[in-house]
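Asks: Here is how the chains run, residue by residue.
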Amino acid sequence: MSQWSAAPAPFHRRLLTVLGIDELGAYRVLRVADVETPEPRPGQFAMIAAAERWGGGEDERPYLPRAFSIARRRVGESHFLLEDVGPGTRRLCELREGDGMWALGPLGKGFAPPRPRHRAILVGGGVGIAPLAILQDALEAEAATDVTVLLGFRDGARAQGAALLHGAQVATDDGSVGHHGLLTELLSKELYEDSRAEVYACGPAPMLEAVRAMCATRDVPAQLALEAGMACGFGACYGCAVPKRGGGYLRVCVDGPVVDAAELDRVSEHAGAPS
Amino acid sequence: MSQWSAAPAPFHRRLLTVLGIDELGAYRVLRVADVETPEPRPGQFAMIAAAERWGGGEDERPYLPRAFSIARRRVGESHFLLEDVGPGTRRLCELREGDGMWALGPLGKGFAPPRPRHRAILVGGGVGIAPLAILQDALEAEAATDVTVLLGFRDGARAQGAALLHGAQVATDDGSVGHHGLLTELLSKELYEDSRAEVYACGPAPMLEAVRAMCATRDVPAQLALEAGMACGFGACYGCAVPKRGGGYLRVCVDGPVVDAAELDRVSEHAGAPS
Amino acid sequence: MSSDETILTDAGDAVEFCGLSLAHPVINGSGTFDAIAARRAFGPALERDFPFAAFVSKTITLSPRAGNPPPRLWETPGGLINSIGLPNKGLHAYIAEDLPRLAELGVPLITNVMGSSAEEFSALVSACDERSEIAAIELNVSCPNVETGLDIGADPKQLKQVVGAARASTRKPLIVKLTPNTANVPACAAAAQEGGADAVSLINTLRAMALSPGGERGRRPWLGGSTGGLSGPALRAVALAQVVGVAARVSIPIVGMGGVQRASHARDLLDAGATLVAVGTESFRDPAAAARVAAGLRAGRRSEAVFPTA
Amino acid sequence: MSSDETILTDAGDAVEFCGLSLAHPVINGSGTFDAIAARRAFGPALERDFPFAAFVSKTITLSPRAGNPPPRLWETPGGLINSIGLPNKGLHAYIAEDLPRLAELGVPLITNVMGSSAEEFSALVSACDERSEIAAIELNVSCPNVETGLDIGADPKQLKQVVGAARASTRKPLIVKLTPNTANVPACAAAAQEGGADAVSLINTLRAMALSPGGERGRRPWLGGSTGGLSGPALRAVALAQVVGVAARVSIPIVGMGGVQRASHARDLLDAGATLVAVGTESFRDPAAAARVAAGLRAGRRSEAVFPTA
Ligand SMILES: Cc1cc2nc3c(=O)[nH]c(=O)nc-3n(C[C@H](O)[C@H](O)[C@H](O)COP(=O)(O)OP(=O)(O)OC[C@H]3O[C@@H](n4cnc5c(N)ncnc54)[C@H](O)[C@@H]3O)c2cc1C
Ligand SMILES: Cc1cc2nc3c(=O)[nH]c(=O)nc-3n(C[C@H](O)[C@H](O)[C@H](O)COP(=O)(O)OP(=O)(O)OC[C@H]3O[C@@H](n4cnc5c(N)ncnc54)[C@H](O)[C@@H]3O)c2cc1C
Ligand SMILES: Cc1cc2nc3c(=O)[nH]c(=O)nc-3n(C[C@H](O)[C@H](O)[C@H](O)COP(=O)(O)O)c2cc1C
Ligand SMILES: Cc1cc2nc3c(=O)[nH]c(=O)nc-3n(C[C@H](O)[C@H](O)[C@H](O)COP(=O)(O)O)c2cc1C
Ligand code: FES
Ligand code: FES
Numbered sequence: 001m002s003q004w005s006a007a008p009a010p011f012h013r014r015l016l017t018v019l020g021i022d023e024l025g026a027y028r029v030l031r032v033a034d035v036e037t038p039e040p041r042p043g044q045f046a047m048i049a050a051a052e053r054w055g056g057g058e059d060e061r062p063y064l065p066r067a068f069s070i071a072r073r074r075v076g077e078s079h080f081l082l083e084d085v086g087p088g089t090r091r092l093c094e095l096r097e098g099d100g101m102w103a104l105g106p107l108g109k110g111f112a113p114p115r116p117r118h119r120a121i122l123v124g125g126g127v128g129i130a131p132l133a134i135l136q137d138a139l140e141a142e143a144a145t146d147v148t149v150l151l152g153f154r155d156g157a158r159a160q161g162a163a164l165l166h167g168a169q170v171a172t173d174d175g176s177v178g179h180h181g182l183l184t185e186l187l188s189k190e191l192y193e194d195s196r197a198e199v200y201a202c203g204p205a206p207m208l209e210a211v212r213a214m215c216a217t218r219d220v221p222a223q224l225a226l227e228a229g230m231a232c233g234f235g236a237c238y239g240c241a242v243p244k245r246g247g248g249y250l251r252v253c254v255d256g257p258v259v260d261a262a263e264l265d266r267v268s269e270h271a272g273a274p275s
Numbered sequence: 001m002s003q004w005s006a007a008p009a010p011f012h013r014r015l016l017t018v019l020g021i022d023e024l025g026a027y028r029v030l031r032v033a034d035v036e037t038p039e040p041r042p043g044q045f046a047m048i049a050a051a052e053r054w055g056g057g058e059d060e061r062p063y064l065p066r067a068f069s070i071a072r073r074r075v076g077e078s079h080f081l082l083e084d085v086g087p088g089t090r091r092l093c094e095l096r097e098g099d100g101m102w103a104l105g106p107l108g109k110g111f112a113p114p115r116p117r118h119r120a121i122l123v124g125g126g127v128g129i130a131p132l133a134i135l136q137d138a139l140e141a142e143a144a145t146d147v148t149v150l151l152g153f154r155d156g157a158r159a160q161g162a163a164l165l166h167g168a169q170v171a172t173d174d175g176s177v178g179h180h181g182l183l184t185e186l187l188s189k190e191l192y193e194d195s196r197a198e199v200y201a202c203g204p205a206p207m208l209e210a211v212r213a214m215c216a217t218r219d220v221p222a223q224l225a226l227e228a229g230m231a232c233g234f235g236a237c238y239g240c241a242v243p244k245r246g247g248g249y250l251r252v253c254v255d256g257p258v259v260d261a262a263e264l265d266r267v268s269e270h271a272g273a274p275s
Numbered sequence: 001m002s003s004d005e006t007i008l009t010d011a012g013d014a015v016e017f018c019g020l021s022l023a024h025p026v027i028n029g030s031g032t033f034d035a036i037a038a039r040r041a042f043g044p045a046l047e048r049d050f051p052f053a054a055f056v057s058k059t060i061t062l063s064p065r066a067g068n069p070p071p072r073l074w075e076t077p078g079g080l081i082n083s084i085g086l087p088n089k090g091l092h093a094y095i096a097e098d099l100p101r102l103a104e105l106g107v108p109l110i111t112n113v114m115g116s117s118a119e120e121f122s123a124l125v126s127a128c129d130e131r132s133e134i135a136a137i138e139l140n141v142s143c144p145n146v147e148t149g150l151d152i153g154a155d156p157k158q159l160k161q162v163v164g165a166a167r168a169s170t171r172k173p174l175i176v177k178l179t180p181n182t183a184n185v186p187a188c189a190a191a192a193q194e195g196g197a198d199a200v201s202l203i204n205t206l207r208a209m210a211l212s213p214g215g216e217r218g219r220r221p222w223l224g225g226s227t228g229g230l231s232g233p234a235l236r237a238v239a240l241a242q243v244v245g246v247a248a249r250v251s252i253p254i255v256g257m258g259g260v261q262r263a264s265h266a267r268d269l270l271d272a273g274a275t276l277v278a279v280g281t282e283s284f285r286d287p288a289a290a291a292r293v294a295a296g297l298r299a300g301r302r303s304e305a306v307f308p309t310a
Numbered sequence: 001m002s003s004d005e006t007i008l009t010d011a012g013d014a015v016e017f018c019g020l021s022l023a024h025p026v027i028n029g030s031g032t033f034d035a036i037a038a039r040r041a042f043g044p045a046l047e048r049d050f051p052f053a054a055f056v057s058k059t060i061t062l063s064p065r066a067g068n069p070p071p072r073l074w075e076t077p078g079g080l081i082n083s084i085g086l087p088n089k090g091l092h093a094y095i096a097e098d099l100p101r102l103a104e105l106g107v108p109l110i111t112n113v114m115g116s117s118a119e120e121f122s123a124l125v126s127a128c129d130e131r132s133e134i135a136a137i138e139l140n141v142s143c144p145n146v147e148t149g150l151d152i153g154a155d156p157k158q159l160k161q162v163v164g165a166a167r168a169s170t171r172k173p174l175i176v177k178l179t180p181n182t183a184n185v186p187a188c189a190a191a192a193q194e195g196g197a198d199a200v201s202l203i204n205t206l207r208a209m210a211l212s213p214g215g216e217r218g219r220r221p222w223l224g225g226s227t228g229g230l231s232g233p234a235l236r237a238v239a240l241a242q243v244v245g246v247a248a249r250v251s252i253p254i255v256g257m258g259g260v261q262r263a264s265h266a267r268d269l270l271d272a273g274a275t276l277v278a279v280g281t282e283s284f285r286d287p288a289a290a291a292r293v294a295a296g297l298r299a300g301r302r303s304e305a306v307f308p309t310a
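Residue numbers (my numbering), protein chains in the order written: chain A, 1 to 275; chain B, 1 to 275; chain C, 1 to 310; chain D, 1 to 310.
No lab work stands behind these hints, which were simulated from the structure alone. Please read all numbers here as calculations on a predicted model, not as lab measurements. Ideal placement from N, C-alpha and C gives every residue a C-beta, glycine not left out. One should not assume that every hint holds.
[As the list claims (entries may be wrong)] Chain C regions said to be covered by chain D (calculated; three or more residues, Cβ under 8 Å):
no.	stretch
1	68–79
2	150–162
3	181–193
4	207–213
5	261–275
Kindly generate the complete structure, drawing on both the sequences and the hints.
Replies: Now the structure itself:
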């Protein structure tokens, strides 16, 4: 099956074994043995929990599993990029080789491939770079498209996350690495008089909204990987609502996480990655 | 201050560091660095919790701290004997060198010393042997009294716990070690025509009740170390009630855990150690 | 206790409930499982391994509802607060679009409906009464009364009247989903029975709230709907107490729910007097959770037969 | 919100509450701290580091009570069910033996009393009124009405009458400890205010139950008192919702409690409209918990002054 079409996920959470966890600046890369999983489509995610002691952290949490983009696939392995922002991510960052981990997935809609002879511009902010790594792998498997990678981070420790992809232009808020300023400044340069550009973005809500607006004014097609607080990840709880164009809400877990920018009037406050 | 009089406990839970945890048959001996604690009186206990991940076990527990007899003191160290019977003890058995542990104590009434020229018979069942270890240490510090130790266990793996004390006569339910049968059979031999005997007992409720009854009929003074489900350990919750002679209840944590057998009509179902 | 019948039933796991025969006693809590979305996520395995002995729809209203603005979720110690706001496509689209697909699940369908008045309830119930795909109807009476602001189901008198109106509109089994946010849940259960209910289900979520962390130092409600409902293990002991109270008061069967994660929790509710148990929030942690619960009950029941006191 | 007054109060942490001036806004929940037993366990450090700005007694009744048979405790996910049964030595022994010792704590004393009728309440309150050691009186109205079996405090009419009787018997500040086990807690708070209460406190424990594990496979209630009350973090979000609802309805000050473990939880209750917060179950995990909470509020308040949005 092509890497752009997703097979259904197994209908139960699966107990996977942690192979290792590597530091990547302010982030961690969690590697788990994951043989029988259907190949994920770039942009899909999994609902994850530690098999032991999921709970008993800050405020007696976590309780529910947490959503993470599948950042990379290697033969028999899945990789996740983690940023410690609370009790769930903290517990996952404590996982060590041999520990058990529950995973449900792959879930949600992934990225659609670019049209022939188009140029893919990958725009990632903070931990939102995760789904762009597996996307870069997929695009390069089809030498057809040429790929530009623009990544933005808050500081130098986070900017080390850029190593997850390659050939990236980096911007940092504090100027410690690469361009001192906004990711969208890099993006506007790239979009300048390029009619073949297609944008693939994931990151904090304000960044996604800036990317959406910029692409909209220049008629550049853009796919946005959204985030939202989730309880289930498979459409059961209706908790991951994000306002859609023309009223009503979409469920990020089943109508997304990747949406066509045209589906939204704007990217709302809660629809982005932690920042 | 004499080892028989207790100083007040510090008025806050203290963060202690685990020095190590050793296997002792079916039990574990947990050793923690504990310098500034007032010397406990034999029979006193502490309320204990893991500093990290106390929770997230079976049924999202534990939540409250757990009560444990102070089994032994060594210079700057406190030792506890653990039996894994549920989520709290399981988590404590997972503690490793360097981990943090919360402790409140020493708490409760300990054992009273035997009268001059009397003979102390220590009777322990299962994990209930814990307070008898520190009691044996104390009695031997005063060469005055002679000490007999009778310990009963369910099986061979538990009988290895007998090594916590020395010179013990052992009985097991399954006959795998020592006397095949009841601890009270050993006790009745010892009590035979001994007018100098004083009994110090801790263990499961049925054992404590058998000891109480036997000592009562023979007019042998007995001190019983009771147990009860506890939330606080310092008299705040009134949860650790045990029926007392003449009606009403005593609080095991402040009126005990060590009580004079004469304070009870009988040892009730919930007033003993796990068995 | 009805659990004893359950235990002694000949056909192994099969349970009789309001004239429906179910393969086992575990169903879903309304609004905690979307079989149509799950079919997309999990493919044919959904029908093959469908974990529920009957499928309860999320609450359906006469007109479509978009639901509450986000955020809609807040995690608590061992619990979840939701303020979803009952989004649904409305009765007619539900019947036209969803029912045919739900019928393919191969288990009895229970449609959960909510109205803001006796009239609305009977309109909803009559429409369901006409559909052969629907095996039973559950009334969500946790709808706030427009004058008092209290749940319709919180007041026995009002509840009896609403249930009576629904009863007059159908011969299908009628289940009343009680609200836990009231002083005398057994009295409400009795009122539902007097109104003609064939069964009651409980508990629904407990009214709860969270303030926004950080930002204005928590002065703003976190949930878009301001208040929400607490579910999950945190309220399991409250659910058990209410089921025991209701079982002592009514003779109709009970669907017990609230924080069920494992077979032992379901066992407790059955032993407390429930005929069926529903799994809700735990399905979010594992979509196959209910299958684990049903399997565990089966095993438990066997061992029970062998060692009566085990 | 009253929290703003709290924040802007000149004397740093000091709070004015019903005419009492307290060193900070953190007190204990009734029945969750026994200062006399604690004095024995912790010695003089108890007075030196006393964590509560005022001390609330456990519930006192006219005649002595032994309390419920054990077991009295059951641990739940993030919570505790207790069925203690209000053991106490009765009004007269409390006044004769305990009051003099409690007076040594050096903080205002609030005596919590419970009667089974308006008459009993006024008898208890009059007796407290005569004692100079007692700064304020809290009414525990979670006592079951002999006819209905419901808490007296669950019915606004009954509550107003009981509070009125108590009001007539004292000029000391009167706090009404509301029951959370009812449909309309704000209406009960309003009834308490109309009856003459100077403040309300909430929440008390939620009715809950557990079945005995093992043995007869959980068919027997675990607690000696059969049902009990749930407290702790598990119900924090329920408490917050009730405090917000009550704050919107009454003008008298509120003592907020329910699952407070850290300063941020207390901050939430204050921001929701409470003037004081009480720490209950968390004191069982650490007798100095309330001191941590008070210190955290202080720090928070400072930083707030410095960075308004931090
Ligand atoms: C599709 C998808 C893909 C994602 N991919 C990644 C990824 O690849 N890498 C990654 O690191 N993260 C990813 N995330 C984000 C990740 O799921 C969250 O960071 C994680 O759930 C945070 O959990 P926590 O317990 O660590 O923090 P939380 O305490 O849950 O805090 C996280 C945020 O949730 C809110 N919050 C705080 N307390 C609560 C509460 N009690 N209940 C509810 N909300 C609360 C606050 O806004 C807070 O900033 C993804 C999210 C989605 C939806
Ligand atoms: C003074 C004193 C001294 C003690 N000394 C020792 C010692 O030295 N070594 C030692 O190993 N133990 C000792 N204990 C016993 C120890 O405190 C308990 O074994 C421990 O609290 C069990 O906790 P748990 O979470 O592991 O097991 P739990 O799950 O709490 O189960 C323990 C028992 O509690 C009951 N129970 C089950 N579930 C619950 C629940 N949800 N809520 C309440 N009760 C429940 C059951 O009867 C069960 O058998 C002592 C107890 C006391 C009071
Ligand atoms: C996200 C969510 C949505 C829910 N939606 C509904 C609903 O639409 N109708 C209803 O009657 N109950 C609804 N409930 C309540 C559940 O059916 C159930 O009564 C409650 O969650 C307790 O069970 P649990 O603890 O197993 O989740 C919902 C619960 C949750 C968590
Ligand atoms: C063991 C225990 C005993 C209690 N006894 C009383 C009491 O005697 N009178 C009363 O009004 N409330 C009593 N309460 C309720 C508490 O005062 C408080 O309202 C409730 O526990 C919620 O706060 P928390 O979650 O911080 O414990 C008791 C609570 C517990 C846990
Ligand atoms: S996370 Fe539950 S519906 Fe999207
Ligand atoms: S354990 Fe709380 S009073 Fe004894």
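Asks: Given as covered by chain D, does the stretch 181–193 of chain C meet the bar of three residues or more with CB within less than 8 Å?
Replies: holds (count 4)
Asks: So is the stretch 207–213 of chain C in contact with chain D by the C-beta rule, three or more residues under 8 Å, or is the coverage claim wrong?
Replies: holds (count 6)
Asks: Would you say the stretch 261–275 of chain C counts as covered by chain D, given the rule of at least 3 residues with C-beta under 8 Å?
Replies: Result for this restraint: holds, n = 5.
Asks: At a Cβ distance under 8 Å, does chain D reach at least three residues of the stretch 150–162 of chain C?
Replies: Three-residue rule met by the stretch 150–162 of chain C, so holds; n is 4.
Asks: With a Cβ-Cβ cutoff of 8 Å, does the stretch 68–79 of chain C contain at least three residues near chain D?
Replies: Check passed, 5 qualifying residues.
When held up to the earlier numbered hints, the structure conflicts with none and fits them all.
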